[in-house]
Amino acid sequence: MPTITIDGQTIEVSGDKPLLQECLNQGVELPHFCYHPAMSAPANCRQCMVEVGTPLRDRETGEIKTDANGDPEIQWLPKLQTSCTVQVSDGMVVKTHRTSEKAKRGQRDTMEFLLINHPLDCPICDQAGKCPLQIQSYKYGSEGSRFEFRKVHKPKRVKLGPRVMLDAERCINCTRCTRFTDEVSGSCQLTINQRGVKNYPITGPGETFDDAYSMNTIDICPVGALTSTESRFKARAWEMSRTPSITTINAKGSNCYYMVRDNLIMEVVPRQNIEVNEYWLPDEERVGWAYERFNDERPEHGPEIRVDDELTPVSWDRATDAASNALSSVSSDAVFFLGSAHATVEDNYLLSRIAEHVGAEAPKYIPHVEPGHGDDWLRTDDRTPNAQGCERLGIHPVDAEVLRSRVRSGEIKVLYVLEDDPVASGLFTAEELEDVVVVMHYYNTTNKTLAATDVALPAAMVVETIGTYVNEEGRAQRVRPAKVIKEVNRTLMMATGKSRTDMHGTPFDRWHNESHQVDCLPGWEILPKVAAHLGLEFEFSGPKAIMLEVTEQNPAFHGATYEAMGLQGHRLEDVGETV
Amino acid sequence: MSEFNIKKPVVPLPDMDPEPQIPEDELFFTEEELEQIERYKEKYPTNRSAVMPALWMAQQKFGFLPPEVMQLVADALDLPYAHVFGAATFYTQYYKEKKGTYVLDVCCSFSCQACGSYDVLDYLEEKLGIHAGETTEDGRFTIQEVECLGSCGTAPMLQVTNGPYVHNLTEEKLDQLIEDLRNDKMPPFTSVTLPQDEDEMEGNRRSDVEHTDTYQTPPETKRWI
Numbered sequence: 001m002p003t004i005t006i007d008g009q010t011i012e013v014s015g016d017k018p019l020l021q022e023c024l025n026q027g028v029e030l031p032h033f034c035y036h037p038a039m040s041a042p043a044n045c046r047q048c049m050v051e052v053g054t055p056l057r058d059r060e061t062g063e064i065k066t067d068a069n070g071d072p073e074i075q076w077l078p079k080l081q082t083s084c085t086v087q088v089s090d091g092m093v094v095k096t097h098r099t100s101e102k103a104k105r106g107q108r109d110t111m112e113f114l115l116i117n118h119p120l121d122c123p124i125c126d127q128a129g130k131c132p133l134q135i136q137s138y139k140y141g142s143e144g145s146r147f148e149f150r151k152v153h154k155p156k157r158v159k160l161g162p163r164v165m166l167d168a169e170r171c172i173n174c175t176r177c178t179r180f181t182d183e184v185s186g187s188c189q190l191t192i193n194q195r196g197v198k199n200y201p202i203t204g205p206g207e208t209f210d211d212a213y214s215m216n217t218i219d220i221c222p223v224g225a226l227t228s229t230e231s232r233f234k235a236r237a238w239e240m241s242r243t244p245s246i247t248t249i250n251a252k253g254s255n256c257y258y259m260v261r262d263n264l265i266m267e268v269v270p271r272q273n274i275e276v277n278e279y280w281l282p283d284e285e286r287v288g289w290a291y292e293r294f295n296d297e298r299p300e301h302g303p304e305i306r307v308d309d310e311l312t313p314v315s316w317d318r319a320t321d322a323a324s325n326a327l328s329s330v331s332s333d334a335v336f337f338l339g340s341a342h343a344t345v346e347d348n349y350l351l352s353r354i355a356e357h358v359g360a361e362a363p364k365y366i367p368h369v370e371p372g373h374g375d376d377w378l379r380t381d382d383r384t385p386n387a388q389g390c391e392r393l394g395i396h397p398v399d400a401e402v403l404r405s406r407v408r409s410g411e412i413k414v415l416y417v418l419e420d421d422p423v424a425s426g427l428f429t430a431e432e433l434e435d436v437v438v439v440m441h442y443y444n445t446t447n448k449t450l451a452a453t454d455v456a457l458p459a460a461m462v463v464e465t466i467g468t469y470v471n472e473e474g475r476a477q478r479v480r481p482a483k484v485i486k487e488v489n490r491t492l493m494m495a496t497g498k499s500r501t502d503m504h505g506t507p508f509d510r511w512h513n514e515s516h517q518v519d520c521l522p523g524w525e526i527l528p529k530v531a532a533h534l535g536l537e538f539e540f541s542g543p544k545a546i547m548l549e550v551t552e553q554n555p556a557f558h559g560a561t562y563e564a565m566g567l568q569g570h571r572l573e574d575v576g577e578t579v
Numbered sequence: 001m002s003e004f005n006i007k008k009p010v011v012p013l014p015d016m017d018p019e020p021q022i023p024e025d026e027l028f029f030t031e032e033e034l035e036q037i038e039r040y041k042e043k044y045p046t047n048r049s050a051v052m053p054a055l056w057m058a059q060q061k062f063g064f065l066p067p068e069v070m071q072l073v074a075d076a077l078d079l080p081y082a083h084v085f086g087a088a089t090f091y092t093q094y095y096k097e098k099k100g101t102y103v104l105d106v107c108c109s110f111s112c113q114a115c116g117s118y119d120v121l122d123y124l125e126e127k128l129g130i131h132a133g134e135t136t137e138d139g140r141f142t143i144q145e146v147e148c149l150g151s152c153g154t155a156p157m158l159q160v161t162n163g164p165y166v167h168n169l170t171e172e173k174l175d176q177l178i179e180d181l182r183n184d185k186m187p188p189f190t191s192v193t194l195p196q197d198e199d200e201m202e203g204n205r206r207s208d209v210e211h212t213d214t215y216q217t218p219p220e221t222k223r224w225i
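Chains A and B are the protein sequences, given in the same order. Okay, so the first sequence: first residue is 1 according to this note's numbering, each after it adds one. Okay, so the second sequence: first residue is 1 according to this note's numbering, each after it adds one.
Just so you know, these hints were derived from the structure itself, not from any lab. Just so we're clear, the structure is a prediction, and the values are computed from it rather than from any experiment. Heads up, the beta-carbon is just placed ideally off N, CA and C, and yes, glycines get one too.
Okay, the calculated bits of chain B under chain A, using three or more residues with CB under 8 angstroms as the criterion:
{"no.": "1", "stretch": "12-18"}
{"no.": "2", "stretch": "77-84"}
Residues from chain B shown here face chain A by an in silico Cβ test under 10 angstroms; the list is partial:
{"no.": "3", "residue": "8"}
{"no.": "4", "residue": "9"}
{"no.": "5", "residue": "66"}
{"no.": "6", "residue": "67"}
{"no.": "7", "residue": "68"}
{"no.": "8", "residue": "70"}
{"no.": "9", "residue": "71"}
{"no.": "10", "residue": "74"}
{"no.": "11", "residue": "87"}
{"no.": "12", "residue": "89"}
{"no.": "13", "residue": "90"}
{"no.": "14", "residue": "91"}
{"no.": "15", "residue": "92"}
Chain B extracted, bound-state conformation:
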């Protein structure tokens, strides 16, 4: 969470006596949403499995998942509240507190770390004037340090608000990204293939995406490490 960093590794206790953050008259699921939850339930052998899509739906609706929303999901799925809380805290993609408009999830797992993700993180922190886990004052950006996003081939990388990935990060790319986001321009979905694969397949053959890219090994001087 917010204060956790490698130099001062402290895991804080969640607020164990939280104030409700969603007004009581807004804290409900509509008929359609409840029907959707019913469909999720039918999809899985146990309700416990349906907790992921249900939480996701709740996050889309309320923007984030304060304890009262987790309780709401638990009630809708007839699950213990603690189970829902456990699942929600496991995934960084579920926002437990109010985040900025754009959440920059910088992957800091092994591959990215080896390719310099902490430098990416430091650069972003300095540029935006906040620490990982915090939100800028204007409520526009949040930086998060997250675990593996499954794109080790394009390390270092980040994800914008549970949406598109930005690959092969460099300082210029980050500057451009922040500039674009300030103008509310989301980065496009980009399909990246490895050069050796392209040799076999004659280039990136994805036709359903706007942007395709080929992985470029950064030149020695441009490397983050």
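Looking at chain A on its own, in the form it has when it is part of the complex:
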């Protein structure tokens, strides 16, 4: 492993990455715009410049020459080098802007050029507050501009595609977006138009930037040139809190941050996890409908039970009481439990335990597989986040035909549904369920099975709960609460405080906002209440304890404790045929 000296500090580096990456890995910050670890380095922003020298060797002996003090003599490269294209070699000596006046000057002057035609409209720019150009010009730029002429005006509000908007004036031509389409997504839809001061990225005339991963260009854009058509001008960066979690539109379990303001999800952005999604998120996970479903307000829809053919709001105690009454009112073989690939491992586990206690057969789940939807990358055919978790718990896909005939024949009298929509997924029609008592944990008011439901229990969604999902590849990952629910729940509050340290605060904080809180409960809160009425006492302190028990009792979850999963997840061992 080569050893290099950065600003007088000798460190060991891996040697297979460019100097800039090695510096960043060692915590030595260098300003840069165009470099991205997943793409080639064109070195066109000229920001990461450093002084580089190598030890001088005697031509004949090959020995390193030393000076009077016995230190190696260093041969400095005559000009500043862009560290993103310098390959590290043993003994290399690097002076960054911290020790080299020349490097500092170089960075400052380049920055002045970058800002010549930049509009400096930070007060109205969505990127402000998280903008590398803004941050780095504060840190490394000069105080003012000496450019006193008219700035070049370029097209603004250009809709490159259905999801990405271009403001060409803000662009600094780092070419990250064009390299993304060339090298990462492979659609090759973007190019740099024209040259000199006139250039900016755009699609060919008549072409639409409809790449299934187009919105990643918004994240990697180091300025506010590319913004989302949906979330632009909705919230400033500093108004939102961000919660590390995973996306749940498909079975990949891509890591993401949920950006929240006033208890509403404003945006979903990718979170780095080299093992799962690297730096990217598919567009389907972050377009409007993918997160707006979390914002559906259901204030009047707390727990409800059917009275005189009308869903009537009741207290949580009465609702869970009704649910357990339904379960105990019929014989155990007349009860059918539907688990859910949308629900967490913890909730599915508790459901299996209840099914076992009641004496009913093991729960089944409704598969939501859409053949042809996947692309062998971050989109999968499976449209649910936790099918793998269900399988590992011994919950298998339901045989629709068999279940339908059993319901039709009146064999099944009580159907207990966990966080799914049997009617919308085509399992039953609402009429078919008329004679069946349906107890349902549901996500939001658009659930079509509500028309046939007798006990409706609003369940916390992925952004409101704590739990574990297992992705297609068997990686167990945690979700954390990004939104606050109406009920006061100590476990959730503690977790929210941790996951939203930046913005959440306490009810006494000035910015605390009680709007948009939904009257729902997480499954690991509802299910123990239902179980208690049936004489089954769960004594878990929270989802963490539930998961601990799962890992201890089920070898398919071996090692997947909350500590082990952390922020990057825990790869479970393959379990062969059963998965």
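Model the placement of chain B on the given structure of chain A, informed by the hints.
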């Protein structure tokens, strides 16, 4: 492009929903042309490099490069359309719209600018009654403001329709040039050497060209600046 000038620097957006300008039955490469493209492809390690000669060939054939021609080139080279578009817009030598018979590319990069290329441009604009980037009504002349043409030694200079250079521009030379072009007389290719070089080489030794010239520092009164 057309409206871009230093006093009102606005970069327009290309027409993002363009109407085809070449009739569909003319929009193809012949067998020979396709063979030529194959030869270009073999010449380079990647097809991406062959985009320059292929675009040039297309421009010779169609006169200019509207989006549908760029698409045609992209298909022939098996390249993404955006790459071809990017290359074509980078070079002012590729005409993205229909130009006049004679395109006057006035170099406005640093050396020429210091020697008065904006005055050349202004003089031409006034004389022909058009702005840089525009074409005269009779379709004869187009003026373009272009980047460095690599002839800084003879600044200010211009190029006629991607062909011969006209060096050491003065008002008289421009008048003469326009007059000649009106009579469809192209300026000859001229080899220009610097006086100090000629001293060493005993005059301009190019024997393969019709016209040779020696750079003359314009007298103070004749300078453009």
